[in-house]
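Chemist: Residues per chain, in single letters:
6 protein chains.
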Amino acid sequence: MLLKTLFHLHLSFLLIFTSQAAVQDFCVGDLSAPEGPAGYSCKSPAKVTVNDFVYSGLAGVGNTSNLIKAAVSPAFSAQFPALNGLGLSIARLDLAPGGVVPMHTHPGGSELLLVVDGSICAGFISSANKIYFKTLYKGDLMVFPQGLLHFQVNAGKGPALAFVSFSSPSPGLQILDFALFANDLPTELIHDTTFLDEAQIKKLKGVLGGTN
Amino acid sequence: MLLKTLFHLHLSFLLIFTSQAAVQDFCVGDLSAPEGPAGYSCKSPAKVTVNDFVYSGLAGVGNTSNLIKAAVSPAFSAQFPALNGLGLSIARLDLAPGGVVPMHTHPGGSELLLVVDGSICAGFISSANKIYFKTLYKGDLMVFPQGLLHFQVNAGKGPALAFVSFSSPSPGLQILDFALFANDLPTELIHDTTFLDEAQIKKLKGVLGGTN
Amino acid sequence: MLLKTLFHLHLSFLLIFTSQAAVQDFCVGDLSAPEGPAGYSCKSPAKVTVNDFVYSGLAGVGNTSNLIKAAVSPAFSAQFPALNGLGLSIARLDLAPGGVVPMHTHPGGSELLLVVDGSICAGFISSANKIYFKTLYKGDLMVFPQGLLHFQVNAGKGPALAFVSFSSPSPGLQILDFALFANDLPTELIHDTTFLDEAQIKKLKGVLGGTN
Amino acid sequence: MLLKTLFHLHLSFLLIFTSQAAVQDFCVGDLSAPEGPAGYSCKSPAKVTVNDFVYSGLAGVGNTSNLIKAAVSPAFSAQFPALNGLGLSIARLDLAPGGVVPMHTHPGGSELLLVVDGSICAGFISSANKIYFKTLYKGDLMVFPQGLLHFQVNAGKGPALAFVSFSSPSPGLQILDFALFANDLPTELIHDTTFLDEAQIKKLKGVLGGTN
Amino acid sequence: MLLKTLFHLHLSFLLIFTSQAAVQDFCVGDLSAPEGPAGYSCKSPAKVTVNDFVYSGLAGVGNTSNLIKAAVSPAFSAQFPALNGLGLSIARLDLAPGGVVPMHTHPGGSELLLVVDGSICAGFISSANKIYFKTLYKGDLMVFPQGLLHFQVNAGKGPALAFVSFSSPSPGLQILDFALFANDLPTELIHDTTFLDEAQIKKLKGVLGGTN
Amino acid sequence: MLLKTLFHLHLSFLLIFTSQAAVQDFCVGDLSAPEGPAGYSCKSPAKVTVNDFVYSGLAGVGNTSNLIKAAVSPAFSAQFPALNGLGLSIARLDLAPGGVVPMHTHPGGSELLLVVDGSICAGFISSANKIYFKTLYKGDLMVFPQGLLHFQVNAGKGPALAFVSFSSPSPGLQILDFALFANDLPTELIHDTTFLDEAQIKKLKGVLGGTN
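Protein chains in written order, with our numbering: chain A, 1 to 212; chain B, 1 to 212; chain C, 1 to 212; chain D, 1 to 212; chain E, 1 to 212; chain F, 1 to 212.
In short, the hints are calculated from the structure, not lab data.
Remember, it's a predicted structure, so these values are computed and weren't measured experimentally.
Don't take each hint at face value.
[To be verified] Partial list, computed: chain E residues near chain A (C-beta under 8 Å):
#, residue
1, Leu-31
2, Asp-52
3, Val-54
4, Pro-107
5, Ser-127
6, Leu-148
7, Gly-172
8, Asp-177
9, Leu-185
10, Asp-192
11, Leu-196
12, Leu-204
[Stated by the list, open to error] Covered, in the sense of this in silico footprint (three residues per stretch, anywhere, with C-beta under 8 Å from a C-beta of chain F), are these stretches of chain B:
#, stretch
13, 103 to 109
14, 115 to 129
15, 141 to 147
16, 176 to 189
17, 195 to 209
[Unchecked claim] Stretches of chain D that chain F covers, calculated by requiring three or more beta carbons in the stretch to come under 8 Å of a beta carbon on chain F:
#, stretch
18, 26 to 36
19, 40 to 47
C-beta: ideal position from N, C-alpha, C; glycine also.
Produce the complete structure using the sequences and hints provided.
Modeler: Here it is as structure tokens:
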């Protein structure tokens with residue numbers, strides 16, 4: 001009889017906490033529903049399976065057959081919606097020999113880099129314009145505080161692999177060169193606000209598809 | 001004339017701040033609308049009445065006619081939607097003589113227990129595996145930091161009553177025994193990850209309705 | 001060939017980060033969509049233009065032809081939806097000679113006042129019932145911590161102009177006199193909870209349109 | 001041999017996590033050390049005992065032998081330092097027959113009232129100047145959103161008892177009458193910013209000890 | 001007798017809330033004490049006066065006799081310690097004819113610009129590399145979301161004046177040119193991570209005092 | 001002359017922002033100074049070097065010569081103080097063949113697991129007592145929402161390596177078996193709050209060094 005009573009207790013607890021999606025352990029993003037300042041709307045818990053919590057999109061080597069010989073593959077909440085609301089995300093970084101992740105910022109989060117293979121020269125610049133950079137080897141960690149300019153360069157002769165974690169499910173990414181030279185921001189305005197020579201600006205606009 | 005002017009001022013303030021639901025003093029949860037990481041969507045302020053801010057669901061004694069001789073009645077945002085977005089909630093705890101709230105955690109909030117009647121032995125275990133427990137009497141408070149295992153046991157001969165406040169409108173509740181033994185987590189996996197004997201696991205699965 | 005490759009890189013980055021509105025730099029409020037505890041739903045990024053980020057509603061002098069000879073014009077997220085989710089807002093404060101912003105609070109944010117023209121006597125009262133007030137001149141700043149009663153009075157002979165910034169896109173505004181005397185809160189209840197004489201209460205109810 | 005190895009594992013885990021106070025499960029406030037925006041400094045974990053987590057200061061009936069026939073006894077982080085950093089607190093409210101908690105605000109948190117004995121008429125006023133009030137009975141809950149004016153009045157013939165939880169360890173308390181009339185804020189300034197008659201102001205200043 | 005009792009009540013409230021600095025309405029920064037992730041330690045409330053809450057450092061016109069014909073004068077928590085922990089700050093922006101605030105970011109907060117005099121062409125670049133810019137006139141507001149590159153240029157023939165509010169008491173400031181060219185970051189590394197020509201880099205290093 | 005002027009501008013910016021540690025880009029933890037609810041006090045920026053931002057403690061293989069054939073090596077703020085205040089951390093997980101990370105929770109953060117080598121069966125249990133588990137292979141990610149019970153088991157024949165990121169610099173770790181059986185929590189109380197048989201409890205206490 002004790003067993004039966006305990007079983008009833010079990011049922012009553014379940015009734016309390018599963019009707020009305022009462023307990024929000026997680027909020028797997030529903031990318032088709034309204035988005036708010038805190039993230040995506042939640043997929044109905046009844047439709048969530050273990051596959052929502054697993055993502056295999058970073059398993060393959062990124063395609064580094066490009067000028068910078070690098071590939072950045074994000075697993076942010078837009079790619080891996082289970083991260084929505086959970087305060088963290090990750091990306092894979094492949095660097096062929098000579099590969100570079102150009103100077104960039106993440107407006108919405110700090111970054112923690114882990115070198116998995118090869119060696120990487122990485123650094124960031126503080127608001128006091130001080131530069132902090134170092135060559136990192138397999139197993140090394142380096143942290144880049146939120147919103148500051150930073151970069152990564154393959155420092156070895158072979159390929160390098162790193163994973164970078166973020167303190168936000170959607171940290172953003174602003175790559176300096178694309179921000180300045182890959183849109184229709186007028187050359188004169190770029191010159192006035194960066195002191196770069198117009199010839200230099202036009203050269204990079206040509207490469208990156210910028211106009212004006 | 002002064003009076004009339006001030007009245008106009010009044011109207012103009014009201015116009016500014018009631019058109020467009022401009023001032024979000026509260027966000028009474030609309031359980032039928034999209035939920036996000038920060039909670040439920042807001043019910044239209046125009047439809048909110050004082051009854052939204054009052055909840056009587058904890059007034060009655062919980063049914064303790066069960067094996068653990070205890071009843072936990074939550075007033076979380078799912079039961080009391082006015083709490084949505086306000087950062088706190090509460091639950092009622094009835095303990096018959098011999099009653100126990102088994103070892104459990106609240107993944108999303110700290111808990112503050114207030115003994116209203118009787119006496120309760122309560123405790124929690126820290127990440128450093130140190131146990132903090134004590135017998136509490138009427139009027140005593142005890143705080144259980146977020147996410148740590150804790151329990152409450154009736155320490156007297158009569159019934160005990162307590163109210164527990166939480167630092168979240170939806171703190172969650174994970175009861176250890178139900179988590180381990182009331183689902184289809186394979187016995188072997190439980191054994192491997194808890195070191196409990198298989199016979200022990202199967203006995204509790206039998207009681208709590210677990211399979212595999 | 002290098003240029004072409006870099007251009008491809010550019011495209012691939014854009015593909016990653018513009019499909020699915022992957023990077024939430026901002027969340028311009030869609031006032032017609034569901035609102036949650038963290039603010040309004042986001043307008044589709046594809047429909048956002050520079051005009052969403054610009055607001056001219058505070059450019060004109062407020063109408064101070066009223067009893068208090070003052071005008072408060074808010075640019076909160078309800079008026080300027082680009083502020084939604086960004087943690088700040090602003091309002092314009094015009095004070096004719098003799099003008100007053102009566103005792104009030106902002107339940108949801110701290111306030112930073114900047115005197116742009118004229119002089120203003122401003123102050124706040126702490127929880128310890130200590131009064132902090134001072135006459136401010138053009139260019140002076142004063143900060144009013146969240147939720148505390150405060151006021152501003154024109155301290156000069158000409159008009160005064162100030163702008164007040166808030167630490168929330170929707171800080172709220174509760175003006176003491178309107179809260180007490182401009183609704184149907186019964187006179188007796190006001191008397192019991194404020195110790196004000198009934199005659200005083202009825203006089204101000206008459207001015208401000210309160211009933212009961 | 002297995003046992004011995006597991007024991008070693010145990011030791012190594014403890015070494016990792018107890019040296020350097022590595023895991024911050026809690027931060028019991030050290031009231032004698034520096035305080036910051038997030039609360040008090042933490043007492044050394046090694047000196048923390050179960051008694052830090054238990055507080056008996058609300059067990060006794062408050063002294064209601066005063067004009068308002070009411071007593072408010074807080075258990076905020078200053079009285080109960082274990083609450084420091086945990087995001088919640090509580091207070092006891094005793095109301096003799098005719099007792100009143102005058103109109104007040106908590107600048108730093110929302111409040112959840114639980115009636116334990118008797119009946120209480122409680123209410124709050126929104127930023128839109130709408131009044132929400134109701135008579136509550138034993139077991140009823142009412143929530144008061146952050147920063148808004150609210151009050152509690154004994155609605156029965158006998159004493160009433162309530163406990164109020166807050167969404168902050170240090171929510172603050174600003175009682176309207178004390179804020180206006182119990183300090184040296186000049187009568188003229190009060191008049192100008194509240195429209196109250198000078199005679200009314202001076203009368204209440206007389207009662208509450210205000211000057212000027 | 002009633003008055004005397006109420007006065008006693010007053011005293012007892014004061015005793016509760018002023019002993020132990022129990023109510024943290026504010027945390028004026030003590031720049032000489034330990035700083036933590038949430039800001040500076042608090043100055044003792046007993047030593048705080050109204051002058052702590054007032055700052056006149058932005059009253060004067062900034063010195064624009066420099067190459068960029070601009071001056072930025074911050075009132076962050078380091079200059080105006082009363083802002084510590086309150087979630088907002090402000091700066092004054094003076095632009096002589098031809099003046100420019102070069103491309104920069106604030107790693108820790110969003111910015112709301114108010115044009116007080118003259119006209120300003122202002123803009124920001126999103127993570128999707130889209131440019132949002134417009135010429136603003138007296139009274140116009142423009143918001144720049146957290147962490148994104150943005151700039152301001154005097155668009156008129158006379159001087160321009162603006163005030164910029166931030167959603168943080170310490171938003172930081174990273175000016176692109178100083179970050180890249182005013183330190184010892186090696187020219188080769190700048191070239192590799194920005195694609196700028198070495199001649200261009202060395203030219204700007206010469207101007208800004210950079211080495212290597 | 002232009003150059004000289006710009007250089008002066010540079011100096012004046014540096015003066016503004018480096019005197020008084022005005023811009024808090026980071027707060028490298030000073031483990032010897034007071035700790036607060038938001039983390040450690042900050043090391044003086046003047047003493048911070050690039051080495052503070054780099055950590056090599058996870059480079060080596062953990063010692064899995066123990067009963068669970070597993071090693072967990074944390075890089076939390078206590079081991080890697082640059083993470084203080086930045087909202088993220090990481091740990092290395094080595095699993096020999098047959099290795100297991102027993103059932104545990106992190107009270108203060110969500111976890112994101114990345115399999116670097118081998119295969120791992122990982123899972124978590126929700127508040128609704130639903131089990132989500134799956135076998136993960138090299139390159140797979142799985143996320144474990146904050147505060148929920150979860151585990152990892154080597155699912156292959158060779159060793160497995162994973163790195164786990166957390167949404168907090170100090171997420172905590174409560175291993176179920178150590179919490180229940182490795183301290184002086186009385187056997188009877190464990191029995192009453194977990195329904196485990198006393199013999200089972202005593203057996204595991206024997207292994208893990210628990211008393212009472």
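Chemist: Run every hint past the structure and note whether it holds.
Modeler: Hint check results:
1. Leu-31: violated, 17 Å
2. Asp-52: Violated - the Cβ of Asp-52(E) stays beyond 8 Å from chain A, reaching only about 25 Å at its closest.
3. Val-54: violated, 27 Å
4. Pro-107: Because about 3 Å separates Pro-107(E) from the closest Cβ in chain A, which is inside the 8 Å limit, the hint holds.
5. Ser-127: Interface hint status for Ser-127(E): holds (5 Å vs cutoff 8 Å).
6. Leu-148: At about 6 Å, which falls below the 8 Å cut-off, the nearest Cβ of chain A leaves the hint on Leu-148(E) intact, so it holds.
7. Gly-172: Because about 5 Å separates Gly-172(E) from the closest Cβ in chain A, which is inside the 8 Å limit, the hint holds.
8. Asp-177: It holds, given that the least Cβ distance between Asp-177(E) and chain A is near 6 Å, below 8 Å.
9. Leu-185: holds, 4 Å
10. Asp-192: Status holds, d = 5 Å.
11. Leu-196: holds, 6 Å
12. Leu-204: holds, 6 Å
13. 103 to 109: Three-residue rule met by the stretch 103 to 109 of chain B, so holds; n is 5.
14. 115 to 129: holds (count 6)
15. 141 to 147: holds (count 3)
16. 176 to 189: n = 10 at 8 Å, threshold three: holds.
17. 195 to 209: Since three or more residues must qualify, the claim that chain F covers the stretch 195 to 209 of chain B holds, with 7 doing so at under 8 Å.
18. 26 to 36: holds (count 5)
19. 40 to 47: holds (count 3)
The structure fails to meet hints 1, 2, 3 from the earlier list, while all remaining hints are met.
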